[in-house]
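Residue numbers (my numbering): 21 to 87.
Among these hints, one or two may not hold up.
[What the hints assert, rightly or not] Cβ pair distances, simulated, as ranges:
1. Ile48 - Gln26: 18 to 24 Å
2. Glu30 - Ala60: 16 to 22 Å
3. Asn74 - Arg54: 29 to 35 Å
What the hints contain is simulated information worked out from the structure, not anything from laboratory work.
C-beta atoms are modelled at their ideal positions from N, C-alpha and C, and glycine is treated no differently.
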Amino acid sequence: MKKMDQEGYEIMKQLVSDVQGAPYPNVIESELYRIWYEHAQLVAIQCLEYIDRNFPHDKNGDKLPKF
């Protein structure tokens, strides 16, 4: 398995931040948006947990961001 580099972490971190920063469903009156929002939040959390499990931080002297 190829190791994720600093740029990959930064891109992933920005993507998850953008998803988690989406307007709360009460701001946008749409049932489809509410469904998407709940799903996106769960997937963002799973993504961060996956990265933390599979790409350990500070291994071999890496200075990678902690999520």
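key: Violations among the numbered hints, reported as their numbers in ascending order   = 1
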